[in-house]
Amino acid sequence: MFDPKLKEALARVQKPGRYTGGEPGCIIKNKEDVDLRFAFCFPDTYEVGMSFLGMKILYELLNERPNWWCERAFMPWLDMKQEMERLHIPTYALESKDPLTVFDIVGFTLQYELSYTNILAMLDLAGIPLYSKDRDESWPLIVAGGPCVCNAEPIADFIDMMMLGEGELQLPEVCATVEQAKKEGISKKELLRRLAKIGGCYVPSFYDVTYKEDGRIQAITPNEECAPAVIHKAIIKDMNTQKLPTNFVVPMVGAVHDRAQIEVLRGCVRGCRFCQAGFIYRPMRQRDAELLNRAAQDLCANTGYEEISLTSLSTSDHSQLETLLDDMAPWTEKEHVSISLPSLRIDNFTESLIEKTTKVRKSGLTFAPEAGTQRLRDVINKNITWEEIEKTCTLAFNAGYTSVKLYFMMGLPTETLEDIEGIAKTAQQIVELYYANPNKPKGRGVQVTISCACFVPKPHTPFQFVPQDTEQMLREKQQHLLHSVHSKKIHVNYHDSKTSFLEAVFAKGDRRLAPVIEAAYRKGCFFDGWDECFQYDTWLETFREFNMDTAFYANRFIELDELTPWSHLDYGVSHEFLVREYKKATMAQTTQPCNRVCSACGANKLLGGACFDYSKDLVH
Amino acid sequence: MTTVRIWFTKTGEASYISLLDLQRVMQRSIKRSGIPVWYTMGFNPHIYMTFANPLPLGQESLVESVDVKTELEKVPLEDWRQALDQVMPLGIKVTRVTLPQYKAEKISFARYQLRMPLSAQTSVDAYNQLETAVILKKTKRGHKEIDLKQALPRIETEQKENELQAELLLTAGEGNNLNPSLWLNFMQEHCGLNATDVSVLRTALLLEDQTDFR
Chain A
1 MFDPKLKEAL
11 ARVQKPGRYT
21 GGEPGCIIKN
31 KEDVDLRFAF
41 CFPDTYEVGM
51 SFLGMKILYE
61 LLNERPNWWC
71 ERAFMPWLDM
81 KQEMERLHIP
91 TYALESKDPL
101 TVFDIVGFTL
111 QYELSYTNIL
121 AMLDLAGIPL
131 YSKDRDESWP
141 LIVAGGPCVC
151 NAEPIADFID
161 MMMLGEGELQ
171 LPEVCATVEQ
181 AKKEGISKKE
191 LLRRLAKIGG
201 CYVPSFYDVT
211 YKEDGRIQAI
221 TPNEECAPAV
231 IHKAIIKDMN
241 TQKLPTNFVV
251 PMVGAVHDRA
261 QIEVLRGCVR
271 GCRFCQAGFI
281 YRPMRQRDAE
291 LLNRAAQDLC
301 ANTGYEEISL
311 TSLSTSDHSQ
321 LETLLDDMAP
331 WTEKEHVSIS
341 LPSLRIDNFT
351 ESLIEKTTKV
361 RKSGLTFAPE
371 AGTQRLRDVI
381 NKNITWEEIE
391 KTCTLAFNAG
401 YTSVKLYFMM
411 GLPTETLEDI
421 EGIAKTAQQI
431 VELYYANPNK
441 PKGRGVQVTI
451 SCACFVPKPH
461 TPFQFVPQDT
471 EQMLREKQQH
481 LLHSVHSKKI
491 HVNYHDSKTS
501 FLEAVFAKGD
511 RRLAPVIEAA
521 YRKGCFFDGW
531 DECFQYDTWL
541 ETFREFNMDT
551 AFYANRFIEL
561 DELTPWSHLD
571 YGVSHEFLVR
581 EYKKATMAQT
591 TQPCNRVCSA
601 CGANKLLGGA
611 CFDYSKDLVH
Chain B
621 MTTVRIWFTK
631 TGEASYISLL
641 DLQRVMQRSI
651 KRSGIPVWYT
661 MGFNPHIYMT
671 FANPLPLGQE
681 SLVESVDVKT
691 ELEKVPLEDW
701 RQALDQVMPL
711 GIKVTRVTLP
721 QYKAEKISFA
731 RYQLRMPLSA
741 QTSVDAYNQL
751 ETAVILKKTK
761 RGHKEIDLKQ
771 ALPRIETEQK
781 ENELQAELLL
791 TAGEGNNLNP
801 SLWLNFMQEH
811 CGLNATDVSV
821 LRTALLLEDQ
831 TDFR
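Protein chains in written order, with my numbering: chain A, 1 to 620; chain B, 621 to 834.
A few of these clues could be false.
[What the hints assert, rightly or not] Where chain A lies over chain B, by a calculated footprint (3+ residues, C-beta under 8 Å): (1) 634–641; (2) 651–664; (3) 696–709.
Don't read these hints as lab results, they were simulated from the structure. Where a beta carbon is used, it is the ideal one built from N, C-alpha and C, also for glycine.
Work out the full structure, taking the sequences as your base and the hints as a guide.
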């Protein structure tokens, strides 16, 4: 049974099932048989973390080794955090309920810049010193992976080692190195030297960063012989060699995305210029339909899920998608499993896709035109046209859909108020399209939802150079959008610009932000990504105390030849390509998807050859 | 169509699964087990399930049950039990699979075992001295005053190792359900007991004549 203190805490908090573990599929091992213990930490709530596919992939992969044990830890919600502090319960892993301090490796996944303070909170609650320099061999090795590692310089001082790129091959190598180091009893410094030799492994303390008088970066220099000048991300050349996870831990308390997931492809061919994932996961690599179908069936049988989602950055770009859906049809129907395609593109949405995904259950229709005018869509390289939106919506209305959700961004480079009006106009045209459709569902109205996020310029994208709109500019644009909508059938949601601003500061930040983040955390900032917890004024006050100018990071144009905080981190896409794409953007020129024509971004070098067989027609 | 009753424990980790979550957990567990249960028809097909007298969050039980349906005429009960037991989360053990003899509406009483620290004896003594123990119970029609002394005139405790144990027999079932949490709330408010120190385990569901619900 549980520790009495934990029991007491659980009796007092909301949804205690988030803190107990024991879900179907969770792995319990005998501590005596284990040589290496890894705590996979997700610095957000259980509900968010349990939706994350990456954790499921690595959990299964590490636990396949009989003598390694990977467990999970999440950030406790406010009430539980308070109870844990009151009762002196340290951050613990759900499987063994052991505190993080007994683990050999504590690994954080960096999915979102605004979870940085949660990392500090989880370490602090575990009694682990925050700064890497304050931790000797007696503390767990603190590592981090995930997309934000492409510039996690703001938290570089807290993390012993970061992993660039894909973890499937790299993380087992890291674990084996730590296991060996443990046997040999070597120093932390020596261990870090060995880790620095593994592909994609980045030891921040092995690099010195110097700054110019104007605050920009002068140089990033290795201070250890073993540390490469540039760290290249790890990559899986052939996705078919990597087994898909078929044994998820099935959460018992509602996860945000509570369903089976099959990763059909990795990377994206589209090259939308705002999208960091579209660049750092290049090149696009897909898995064979046959392999996917088998894994999907096993996964559903092992988990009992009633819904399976075919996930990726752009699922409809899989060249065998129709085949896969056909293969899945017989068993999904028999087992009452519905298929969902979360990331469809408007330009290749077909009637048969609608039909195949709605056979069991109908899911909502969601699209992301991202910008309201063709000009701006060309700037961001979101290569879709009104005609395509029209065609897709007509198909959907014919199939009985009555609600459409549209995602847009605000504050995009070169954006004018005309582009903002274009958002409202697009929604209005869809409403009119619905009423003009003779096949629309009888007696039912249409609901068009506009969901508007604030654009955040991200490293390793062609828009890394551009300044973010100031908060005031974004607020004006939001008001303008509200005034441009004249129909009750159109509902507008927009995201708070205040959190987007902090996201921009962290995304393009450097190591000088570490003390600011620590100080803000000490003042009670955590769960910054949650509107109800975000303390904007405290953040501003803390930046002021440290004499830090947030506009330097968020609202300043980065010169095309400027050294960025992330210039030593290589994701395969060349700087020249990003500059080229940026210049094309300013002229509203588009770039073809990579499976149609190669634009020489440089990522093909990661595979050692061309990314696609261009003799086949891969674009549909 | 045959109705089948699945009996299970809900202890430890599983005691923190709410009824709403338990429905989903069961749905998926039954699916994983592969037993051929009946799905409801319609647009959103799901496994037909009815839980008898669900337990509040945080309490444990040895006698939970859920009814499912199957088109099989002869159900291999022990095979089903084994198949189900293998796929359950920690804290749920499938103890029996039976053909129901009574409808869940026939449940009239439940027996609970309470475990508390030795220090709780003073609170229990204080309760035993009381003439009345009136508490407001939320019902479908608003609030209702109940004197707990009617159902629980005295609490007898027994010292086992380092704790106190007590058995409560309370009315149960639709309309007349008295959960031990009512008594615990009263004890916390009026007799100085820390309710979170007390573990509640349901040990039996009984019919009107106090024989087992089966």
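Verification of the supplied hints:
Only residues whose C-beta sits within less than 8 Å of a C-beta in chain A count toward coverage, and the region 634–641 of chain B has 5 of them, enough to reach three; the restraint holds. Chain A is given as covering the region 651–664 of chain B, and this holds because 6 residues of the stretch bring a CB closer than 8 Å to a CB of that chain, at least three being needed. Residues of the region 696–709 of chain B lying with their CB closer than 8 Å to a CB of chain A number 3, which satisfies the three-residue condition for coverage.
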